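*Asks:* Given next are the chains, with one letter for each unit.
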Amino acid sequence: MFAYIIRRLLAAVLLLAIVSLATFAIFFLVPRFAGATSADLAARYVGKTADQEQLEAMAEKLGFNDPIYVQYGRFVKGIFFGADYSTGPTVEHCPAPCFGYSFITQNPVWPDLIDRLGVTLSLAAGAAIIWLIVGVAVGVLSALRKGSFFDRAAMGIALAGVSLPIFFTGLLALSLFAYNLHIFPPGGSYTPIGENPARWAYDLILPWTTLAFLYAAGYARLTRAGMLETMNEDYVRTARAKGLPERTVVVKHGLRSALTPILTIFGLDLGLLLGGAILTESTFSLPGIGKYAVDAVVNNDLPKVLGVVMLGAFFIVLANLIVDILYAVVDPRVRLA
Amino acid sequence: MSGLTVTAEGRPSPRTPSSFLEVRDLRVAFRTDDGLVKAVDGLTFSLERGRTLGIVGESGSGKSVTSLSIMGLHHRGGSVKMTGEIWLDGQELVSAPADEVRKLRGRKQAMIFQDPLSSMHPFYTVGAQIVEAYRVHHDVSTKEARQRAVDMLARAGIPQATTRVDDYPHQFSGGMRQRAMIAMALVNNPDLLIADEPTTALDVTVQAQILDLIRDLQEEFGSAVIIITHDLGVVAEVADDILVMYGGRAVEYDTAENIFTKPEHPYTWGLMASMPRLDREVKDRLRPIAGTPPSLINVPPGCPFHPRCPYEGRNGIPCRTVVPLLPTDGSPGVACHIPSPERRQLFREEVVPTL
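In order, the protein sequence lines correspond to chains A and B. One point on numbering: in our numbering, the residue at position 140 of the first sequence is 616, and numbering is uninterrupted. One point on numbering: in our numbering, the residue at position 321 of the second sequence is 350, and numbering is uninterrupted.
Same shape as in the complex, but just chain B (with noise of 0.2 Å):
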């Protein structure tokens, strides 16, 4: 709850962020030759250093854009336009020069992907890539990092780490190269940092390893983490709070509890019926959210979900003319037109009884 009650409890000034991380009114666009895409459109929220905050969204809602752009992973000028500001501890990233970017990257805030095979070089053992990633940023010696790099693993969980620690990645499991990769990440003590899908390639026994893994150690750095996925059983696991997006904006900001127990906006209503769960009668059909996700170059008018929201045009909301907005100051909220205590009073009596 903490993070976001600082947040809503207001800031000094505009200028000056109160939070470790405040990302305000990002906005990121590519252009391509079939048009703009508007990949993230509007995005706002904060993290304080420790919490874990989850980003919930389908393909192509704009979660992985948004950490790449903390990330300061895009190409700049070019095709990619980005506007807003994110504030990590301090420093504005997206009007900083890329090398000041650069040199935050790595120590700062650092990142997992999605799939550890190709995250790592193949060509280099798993003990160089990670001296690698921490001589960048320290002045010591191929000896001490070295001696990093076993402490590292170590701490990653991986067996044997002062022999390991010379193997390539093709040869190691798919478990141990995603705590490998953690590793990697950790290895500059980074007070942020962000794991993009981090189980979604990994075996199911070996997920819950790797998200205790990554709160063990975020208890231990006291890091923020932001946890990026489609899986809610994931977010459920180690969220503090939850963003949810949909067509590159925030549709639902609010502690994990709340989402969980009393979400308002119907698209995660949708991501909660298309959810397996193992105490339901076997002979009911999972319920998929109807219709596809929207183009992000013609985001439908109005609330990017009315064509797949069955409440659309309810008691005459404006759904197809009017934006639903989050609170611009980062405060909890759900964008959606339908007054709040009718939201609730649908979950209670239409969603809760389907889930």
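Next comes chain A alone, as it looks inside the complex (with noise of 0.2 Å):
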């Protein structure tokens, strides 16, 4: 067990240094490719009144004529221990993780990121729990009740929820409940936790809701399919011969093998949305990593960018590694593999 944990570590580790090659190599390498001198590299980072000469100064300034691999060498560096960036008379220290700083607002991007993290974690934290509760309670009992008519409208909103946007279920919401009954505050809502807990869960509740929808519609139609496949297993035959009340062979025997599976897309689906929950936050302005990854791209503001797909990556990592644990913990034969 031990030594999985380690394996499933290093790879994770690999992984997103691999991720970070990647990244650095799409925004720094490629447009060489495509023909971008230095003074072109440059010519992102600096007003658009530079001149040609400006331009070759900055490039100079910012490395972009030093081998590819030096470059990438001060790209890693920042991020595990800050970087040095000279203003001319005084020299700027961009404590790590450093990415930079926004073109547009001048400030460094990670601490912008962490405050908009609480914000997203807000949002993907109270929605996967509405969403696997309700997901998962409502394949079981689909399951169990199959052809009957709650499994049947079941099924029916399910298709509707994986198949409707967000940005249509999350204005129709809001237009119903913020706009003209008024239960519910209006887009652009948001108080963090630690400022009023009950005012934080009311602002949240449509968010909450819409997005909870749409991944709670996939679990069902998921948990459904797999418990359909787990009670007819030999296995949840012989509970039953050993005399087992029905609740048991349904959730210890049946259940607890169906959710392995949804245990990895769970994992995969909570770690993307942690690096930003795009059209959600968008939908309802909430200033949280995806508005602010919008933002950045509408921009081309690229250090933001850079700080967004390497915050995000990190998180999807993160969320794999404690998936293939997990997996170990609930599948024994995992183990050995």
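Since the hints were derived computationally from the structure, they do not count as laboratory data. It is possible that some hints are incorrect.
Stated by the list, open to error - Derived pair list, reagent style BS3-like, types lysine-lysine, alpha-carbon separation capped at 30 Å: (1) K172(B) to K728(A); (2) K110(B) to K728(A); (3) K553(A) to K622(A); (4) K622(A) to K132(B); (5) K137(B) to K110(B).
As the list claims (entries may be wrong) - Computed Cβ-Cβ distance ranges for the label pairs, DEER-style: (6) V328(B) to L704(A): 41 to 51 Å; (7) I605(A) to D144(B): 34 to 44 Å; (8) S303(B) to R809(A): 37 to 47 Å; (9) P322(B) to R809(A): 29 to 39 Å; (10) V806(A) to T61(B): 43 to 53 Å; (11) V806(A) to D308(B): 27 to 37 Å; (12) R723(A) to P322(B): 32 to 42 Å; (13) A701(A) to H167(B): 47 to 57 Å.
What the hints assert, rightly or not - Facing chain A, from chain B, some residues (calculated, C-beta under 7 Å): (14) R131; (15) S147; (16) H150; (17) P151; (18) H199; (19) V380.
Quick caveat, the model's predicted, so the values are computed rather than measured. Where a beta carbon is used, it is the ideal one built from N, C-alpha and C, also for glycine.
Need the complex rebuilt from these two chains, each delivered in its own frame; the hints are there to steer you.
*Replies:* As structure tokens, then:
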């Protein structure tokens, strides 16, 4: 088990290194293949008024004329140890992890990201709890009553759930519950949990339910399919043959097996969302990572994009690592592999 | 012999069964999109404690459906229609509430399945699964139950049971898994043990050990055993009585000795002829029964075996129209229209030389 965890951990670190390499390559190497010069790269960092000479000087200062591996080394060093930028008279230290400064706001990227992480975390965690509970419960009930009215209705709604995009259901929910019925706050409302937990939850109910609806629908379908399969397994028949109450048979023997694939997908989904729930945050104007990423892309704000990509990759790799370890806890056969 | 003579000698009243297990006119049908599948169609037999009944037949003859009925493992209502009576130790199971049967299951009647790997939950240790089986029916601490599990595993012939109890099923070999399944089935001292093809998925070398184990444990616990198999070699080894099933009905029911020395049903002859034998010339081919098992949705009219029977219509017997039946009181018999003396003669003169 220990060796298994170490192996997964090493794999995760390796994966992050590869992601950083790929990200770096996309932003600094690929443009060169497309014929961009060092000056063209530097142009992204300076105002439009700069002339060719200034660009050349800037490129030199940013190190774009160095060999590519030196540049990559500098990028990695910035993430781990911070970087120093000379702004002429003074040298500004950008503390680790340093992804540079936003072109627009001149703020260092990392502290901004951390600020916004709270919003995304609140959104993703709350929604995840709702969709897991609702999705799995509906899936199990549907499977146990296959073909019943409940099953048909639930699967019909689930089909709608997976098909309707957030910017439709979200806007619908906002228009109905916020702007017409005035039960929930309008878009853009967010209160940090440290300030007022009740208000925090109240502000997030609409985004949570909207996001959870989408995922719960998928999870219900997955759980139903998984349960239909495991409830026909021989070991479920054995559990019944022991005289176990049906509840125990369903939960301990059937659901336990059906949940393992759900676990995998859950890890991926949560990791992905932590890197920014782009549509939900945009629809509800929540100042989270996703919104930050959209703004960064729209404004061509390279350091911000880099930061978001690396943070997102980090979460996905982390979520995968946790899922891998949990998998071994859940399924003893994995430990041998 | 005793299991059959007791029932044959008659019972006080039709409502009170005299045997430990009595199945009377059991009918199980499944509603499917293609029609009604009559998996078991009027089955009657009985079994005493300490005795072993072998149920033999091809795939789809209704063997497993019968055993699942006794276990009460068919989904009630819905697509399953079950009629008749199953009396287990004085209690009727077909009409009993599902929860009553559930409480008997695992305690009064237990079952061993064909494939021990898929029959054990891969995520729980062997010990945990036995403990669970014990604790459903006994209000004991986990520690006591665990000790019981270790004892049962040791009894079932698992070496180093104290440590192997914490292994997962995938860490056991096939034979050990089936031993663990037997330990699990016997943990509550059931009065009736049903073994559904217990050796089919196992190595030939392990098969005999498992059969020995079942027989030893049966002697020790005095339970009644039903062994379901398509392998005549298995029943020859362990069964006292044999019930041959075809198309959801019993076609021959007698003691093992009689079935093996003087079988009377053409289907039983066919089963015997299709069994490989070491003392036969290698150049001789096996004689499989011609044709395929009948569809249980459209069972052939009359004798269900008539399309495959070499003696069909012999001397004008009504094979295609009249269903031959066993005695309804559960005594030994042969469901065949050929008169008994003629059957014996046929077996002696035409079948024995080919075996």
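*Asks:* A separate judgement is required for each hint: does it hold in the structure or not?
*Replies:* Hint by hint, here is what the structure shows:
| no. | hint | verdict |
| --- | --- | --- |
| 1 | K172(B) to K728(A) | holds (20 Å) |
| 2 | K110(B) to K728(A) | holds (29 Å) |
| 3 | K553(A) to K622(A) | violated (57 Å) |
| 4 | K622(A) to K132(B) | holds (26 Å) |
| 5 | K137(B) to K110(B) | holds (24 Å) |
| 6 | V328(B) to L704(A): 41 to 51 Å | violated (30 Å) |
| 7 | I605(A) to D144(B): 34 to 44 Å | holds (39 Å) |
| 8 | S303(B) to R809(A): 37 to 47 Å | holds (39 Å) |
| 9 | P322(B) to R809(A): 29 to 39 Å | holds (37 Å) |
| 10 | V806(A) to T61(B): 43 to 53 Å | violated (36 Å) |
| 11 | V806(A) to D308(B): 27 to 37 Å | violated (53 Å) |
| 12 | R723(A) to P322(B): 32 to 42 Å | holds (38 Å) |
| 13 | A701(A) to H167(B): 47 to 57 Å | violated (37 Å) |
| 14 | R131 | holds (5 Å) |
| 15 | S147 | holds (4 Å) |
| 16 | H150 | holds (4 Å) |
| 17 | P151 | holds (6 Å) |
| 18 | H199 | holds (5 Å) |
| 19 | V380 | violated (38 Å) |
The structure shown violates the earlier hints numbered 3, 6, 10, 11, 13, 19.
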